[in-house]
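Student: Protein chains in written order, with my numbering: chain Z, 1 to 293; chain S, 1 to 345.
Derived by calculation from the structure, the hints in this document are not laboratory data.
Hints should not be assumed to be uniformly reliable.
[To be verified] Some chain S residues close to chain Z (C-beta under 8 Å, calculated; not the full set):
(1) Tyr137
(2) Gln151
(3) Ala310
(4) Leu318
Bear in mind that the values here come from a model prediction, so they are computed numbers and not experimental data.
Backbone N, C-alpha and C define an ideal beta-carbon position, used for all residues, glycine too.
What follows is each chain in one-letter form.
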Amino acid sequence: MDAYTILQQAISGVATGGIYASVALAVVMIYRAIDHFNFAQGEMAMFSTYIAWSLMHAGLPYWWAFILTLAISFLGGVLIERVIFRPIHDAPVLSHVVVFIGLLAIFNSAAGFIWDYTIKPFPSPFASGGLFGSTLISLHKAGMIAVTLVVLGLVYAFFRFTEVGLAMRAAAQNPESARLVGVRVEWMTALGWGMAAAIGAVAGMMIAHDVYLEPNMMIGVLLYGFAGAIVGGVDSPGGAVFGGFLVGIIENLVGLVPFVGSELKLTVALVLIVGVLMVRPSGIFGTRVVRRV
Amino acid sequence: MTVGAGPQAVIPPKPVRPPSGLAVAGISLRAWRRFWLVLGIVVALTLPLFAGSFTTFQLTQAAIYAIAILGLNLLTGFNGQFSLGHSAFYAIGAYTAAIMMDQWEIAYYWTLPAAGLICLVVGFLFGLPALRLEGLYLALATFALAVATPQILKFSPLEEWTGGVQGIFILKPDAPPGLPLDQDQWLYYFTLAVTAVLFVCARSLVRSRTGRAIMAIRDNPIAARSMGINTALYKSLTFGVSALYPGVAGALGAIVVQFVAPDSFTFLLAVTFLVGLVIGGVGSIPGSLAGGLFVLFLPNLAEQISKGLAWGVYGVILILLIYVMPSGTAGLVRLVTIRLAKPSG
Numbered sequence: 001m002d003a004y005t006i007l008q009q010a011i012s013g014v015a016t017g018g019i020y021a022s023v024a025l026a027v028v029m030i031y032r033a034i035d036h037f038n039f040a041q042g043e044m045a046m047f048s049t050y051i052a053w054s055l056m057h058a059g060l061p062y063w064w065a066f067i068l069t070l071a072i073s074f075l076g077g078v079l080i081e082r083v084i085f086r087p088i089h090d091a092p093v094l095s096h097v098v099v100f101i102g103l104l105a106i107f108n109s110a111a112g113f114i115w116d117y118t119i120k121p122f123p124s125p126f127a128s129g130g131l132f133g134s135t136l137i138s139l140h141k142a143g144m145i146a147v148t149l150v151v152l153g154l155v156y157a158f159f160r161f162t163e164v165g166l167a168m169r170a171a172a173q174n175p176e177s178a179r180l181v182g183v184r185v186e187w188m189t190a191l192g193w194g195m196a197a198a199i200g201a202v203a204g205m206m207i208a209h210d211v212y213l214e215p216n217m218m219i220g221v222l223l224y225g226f227a228g229a230i231v232g233g234v235d236s237p238g239g240a241v242f243g244g245f246l247v248g249i250i251e252n253l254v255g256l257v258p259f260v261g262s263e264l265k266l267t268v269a270l271v272l273i274v275g276v277l278m279v280r281p282s283g284i285f286g287t288r289v290v291r292r293v
Numbered sequence: 001m002t003v004g005a006g007p008q009a010v011i012p013p014k015p016v017r018p019p020s021g022l023a024v025a026g027i028s029l030r031a032w033r034r035f036w037l038v039l040g041i042v043v044a045l046t047l048p049l050f051a052g053s054f055t056t057f058q059l060t061q062a063a064i065y066a067i068a069i070l071g072l073n074l075l076t077g078f079n080g081q082f083s084l085g086h087s088a089f090y091a092i093g094a095y096t097a098a099i100m101m102d103q104w105e106i107a108y109y110w111t112l113p114a115a116g117l118i119c120l121v122v123g124f125l126f127g128l129p130a131l132r133l134e135g136l137y138l139a140l141a142t143f144a145l146a147v148a149t150p151q152i153l154k155f156s157p158l159e160e161w162t163g164g165v166q167g168i169f170i171l172k173p174d175a176p177p178g179l180p181l182d183q184d185q186w187l188y189y190f191t192l193a194v195t196a197v198l199f200v201c202a203r204s205l206v207r208s209r210t211g212r213a214i215m216a217i218r219d220n221p222i223a224a225r226s227m228g229i230n231t232a233l234y235k236s237l238t239f240g241v242s243a244l245y246p247g248v249a250g251a252l253g254a255i256v257v258q259f260v261a262p263d264s265f266t267f268l269l270a271v272t273f274l275v276g277l278v279i280g281g282v283g284s285i286p287g288s289l290a291g292g293l294f295v296l297f298l299p300n301l302a303e304q305i306s307k308g309l310a311w312g313v314y315g316v317i318l319i320l321l322i323y324v325m326p327s328g329t330a331g332l333v334r335l336v337t338i339r340l341a342k343p344s345g
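Chain Z on its own, in the form it takes in the complex (with noise of 0.2 Å):
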């Protein structure tokens, strides 16, 4: 195995790293927002692709259908907030998991119904071919790398410099004092949902040019980016994307090593991670919880 071979996997590896990274940052955003982690969260990016998809189709550019997607994933996550999380959410955490798996249940299935199981290739918006000419990475990667790191850069500017950024981290972190200095906490909660949903659809109309689109596209990408989201430090947006990043490269990496190959990929992957977090219990970027007693 000479050096070319690793530098290639590994390059590879950020590329796919991509992909974990968006879906990670996600996963982060609606936890900071409602503190729980949506599993349904692939499901619903799944399904705004699918929007997205039938815009296209109904002759929409590109550029025009993305933002039509983001703008229509962003009320469903509103919507779905107000309607269905609203009236329980006083009930255990566990219930919220059952809500969230039924959530999923429900997006897979009507996804199939509505457009049925086949599966269906999915434009990107950047030229074919490699990047500057070379064979190590695609545009395509390239650009969705930068987009990941654009829509990073977004969200850590809102939640940084804006008012209601402020507002919304406050709702999540001590939503009583939040609500005694005047943030309507509810609201900030329904407004976490719709930015969670609208990123996950930027992550799926991303990742759809790779594996093409169909009702369980996203089921293996969540789990990695599960994975880089809790590795990376589930509070911390930008931790996220390092932890997408760092799964994608481990993944990519553990594969070149002989009798692990392709069969044990997955495995020690996971065990890799598993062992980070042996040694940092929240993660490499998050905040350490000091419990009062």
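Use these hints to put chain S onto chain Z, whose structure you have.
Tutor: Positioned in the frame of chain Z, the structure of chain S alone reads:
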């Protein structure tokens, strides 16, 4: 650093028992509980005499799920730890039984203690490093276990034992000679007996000194430690015991289905256990039984309502169930009892 509930928030709330000294329709709650218990036992014993062999097979499956869900319940409901990986222990139990019966031709009933013991050890060893992790992070570690299991079972150097992707076929045991039962009926009663023993054991464990220590760790780990409870030991032990249950369930499952293959033990199975746990009632031992029945019959019901949208219907039913009973069947029963009960005498 922030001060807050953090990942600990995964811990379910403490179940509330209706106060004693209350009565419904003039009969004390204690008598009611006995009445339902006896009725349940009578129904369970006589059902296969009327039901067809497929229904009997399904009921056997439901009992097997109930055992696995009870194991998860001991961990989550009573110790406050979270697992998405109990499908792995179910798989270990199933493969232990299949390999013992297929390779060494050992009688089926010996496979249950072996499967349980192996899972106890594996669970304890997995619980040791998992001690450092809480809430979501523990969920990820156990989740990794669930995802990795089918891959390890397919791993080619192990194929001689596991049969690789093809899996292992085993023979269905006959009823002992002299009993007027067919194979399905016999396995039903066999499973029922194992289920009963395991449920009684769980109940005794929870009510013992050890059980109180386990629950103290759930309610307040720091207070528990300062009272002299060895939290690390008890948490790992609980993990081991909670792995024993799905291990035995897996062995039973392999015997009843007569077949094991890696793809029967995916992450979806762990999700099934979790759904059963929540719908049945977190922290309730009889609730696990309800959970087992739910996860077996709910998908069938959904399919009867709509074939094309079966999973969609399943999802809608799940969400509606959570609306009606946010703390599961056990919570609903508790609520109804408290509504109906009046002080006696």
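Student: For which of the previously enumerated hints does the structure constitute a violation, in increasing order of number?
Tutor: none
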